[in-house]
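Engineer: Make the full structure from the sequences, and use the hints.
Number of protein chains: 2
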Amino acid sequence: MTTNSDSGVLSYEQYYPVFKAMEEHDLILNLHGEVPPAPPTDQDIAKQNATTVLTAEKSFLPTLLDLHKRFPKLRIILEHCTTAAAIDAVLACGPTVAGTITAHHLYLTIDSWAGDPFNFCKPVAKFPSDRLALMSAATSGNPKFFLGSDSAPHPQSRKLAKKTAAGVFTQPYVMQYVTEVFNRVGRLDRLAGFCAEFGRAFYRVETSAEEGEIVMIRRVVTVKDVIGEPDGVVPFRAGERLEWDVIWK
Amino acid sequence: MTTNSDSGVLSYEQYYPVFKAMEEHDLILNLHGEVPPAPPTDQDIAKQNATTVLTAEKSFLPTLLDLHKRFPKLRIILEHCTTAAAIDAVLACGPTVAGTITAHHLYLTIDSWAGDPFNFCKPVAKFPSDRLALMSAATSGNPKFFLGSDSAPHPQSRKLAKKTAAGVFTQPYVMQYVTEVFNRVGRLDRLAGFCAEFGRAFYRVETSAEEGEIVMIRRVVTVKDVIGEPDGVVPFRAGERLEWDVIWK
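Just so you know, the protein sequences line up as chains A and B, in that order. Take 1 as the starting number for the first sequence in this note's numbering and just add one per residue. Take 250 as the starting number for the second sequence in this note's numbering and just add one per residue.
Hints are computed from structural coordinates only; laboratory data are not their basis. Glycine included, C-beta positions come from ideal geometry on N, C-alpha and C. Do not take every clue at face value.
With a straight-line cut-off of 35 Å between C-alpha atoms, the simulated DSBU-like cross-links for lysine-lysine are [claimed, not checked]: (1) A:Lys122 x B:Lys411; (2) B:Lys411 x A:Lys162; (3) A:Lys163 x B:Lys318; (4) B:Lys318 x A:Lys224; (5) B:Lys412 x A:Lys224; (6) B:Lys473 x A:Lys122; (7) B:Lys269 x A:Lys122; (8) B:Lys371 x B:Lys411.
Computed far set for chain B versus chain A, every beta-carbon distance over 10 Å [unchecked claim]: (9) Pro311; (10) Cys342; (11) Leu440; (12) Gly481.
Structural biologist: Next comes the structure, spelled out in structure tokens:
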């Protein structure tokens, strides 16, 4: 993978035969859409366009648009969108391109992880205006956007380290987190689409009557401080009270 | 302290009699110039002007300019500038206003503290373009800018914690760090002014022949991994090799 610095588009040319084959066999390309920030050159700095953790996702979007143009039938998922720009890019593409949104990015902004290793993940959470765009997309009812948890169970020792492991652990409570924010904006009617239907539809996974279902109920749940021993995993919003619980039927 | 949301200026009106007395008695007002980021309101987010750790310093600058206008003879130091905007604000004021710059902010950007608790401090390091502005100001020879270390010796346990203590520990090597970056841009001729002369002049501290002096020499020094026991302090650039050492004369 190399950067074409003139266009800002990363060159994936060596993978084009693979993408072509994926398109023919109807496989999905899942992208972590970030241009890895390298230490900027003096020239970059002078032009004020050095890539940082805050701009890494936005810098990748021309590449997404370019790949979609070259392989319009290839199904692509831009995983864990964190910016308004990413939402706009997914919207600008045809129905073969979708974006996932995590539970934690519906809560976090840059202030949430500045000084809190358990809220640090990649892509990093961005600005309040970006979070608002994610919320709007998630609750829009547009099937191009669905839940992708990107839950990362790093042991505490990896989070409280000189180099913080990137990732937020949401898995045990992921439905509760999402339900709470959907309820807050009065959009529980679109919860099932975002969490359970649009993703399946995109992946073309058929529902089965044998699977059972989950039901969200209004019941206070306190998030565990840590899960597992001796070097357990600290879940997102550890110690906080959640408003919803899950029942399996 | 209250915010006047129309003008964006924090109201320090209750302290005006104090500032007036300070001005008369020729005392210096030292400011940590940040508007503390509060959880933004929905309206803030919609207007995309919610204050975050990245905009907290910039949001304070109208207040600095306002105080300077009201008390033009009051000597004010805007401590630990981290943005190009802060540098511009200090330059826009008269000679009674100065700004300090830390050693670590000559190195760090947002990417340095994303995932590294030992590089996390307040104000947080900003963008490469801001670091460039700090470097330009520090090496400009303008006596309005001088070294303020803001060195913070937090024990390791406070840095590797759920809530990361804010601060970078530079004290044992502060002259070495600054010398290295001044040398990198070919400005050792302006090192003494920034580190030893402009600050004294602003504070009106006279030099004394009895004080002795320090001399920087080219000699490799390896930064200690940790200083003190059992819960020691990790210095900035721990384990790295520095190019300069200090001799006391």
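Engineer: Indicate, hint by hint, whether the structure satisfies it.
Structural biologist: Hint check:
1. Distance check on the hinted pair: lysine 122 (chain A) and lysine 411 (chain B) sit about 18 Å apart at the alpha-carbon level, within 35 Å; holds.
2. Between lysine 411 (chain B) and lysine 162 (chain A) the alpha-carbon distance is near 13 Å, which keeps this suggested pair within the 35 Å criterion.
3. In summary, the hint linking lysine 163 (chain A) to lysine 318 (chain B) is not supported, as the alpha carbons are separated by about 45 Å, beyond the 35 Å threshold.
4. Distance hint between lysine 318 (chain B) and lysine 224 (chain A) is unfulfilled; the C-alpha atoms sit about 53 Å from each other, more than 35 Å.
5. In summary, the hint linking lysine 412 (chain B) to lysine 224 (chain A) is supported, as the alpha carbons are separated by about 17 Å, within the 35 Å threshold.
6. With a CA separation close to 30 Å, the supplied pair lysine 473 (chain B) and lysine 122 (chain A) stays within the 35 Å bound.
7. Between lysine 269 (chain B) and lysine 122 (chain A) the CA atoms are separated by roughly 49 Å; this puts the pair beyond 35 Å, and the hint is violated.
8. With a CA separation close to 17 Å, the supplied pair lysine 371 (chain B) and lysine 411 (chain B) stays within the 35 Å bound.
9. Interface exclusion of proline 311 (chain B) from chain A stands, the closest Cβ pair being 20 Å apart, more than 10 Å.
10. With 10 Å as the threshold on Cβ separation, the claim that cysteine 342 (chain B) sits away from chain A holds: the shortest Cβ distance comes to roughly 24 Å.
11. With a least beta-carbon separation of about 20 Å from chain A, leucine 440 (chain B) lies farther than 10 Å from that chain, consistent with its non-interface assignment.
12. Consistency note on glycine 481 (chain B): stated as away from chain A, and its beta-carbon is indeed over 10 Å from all of that chain's, at 13 Å minimum.
Going through the hint list in order, the structure does not satisfy hints 3, 4, 7.
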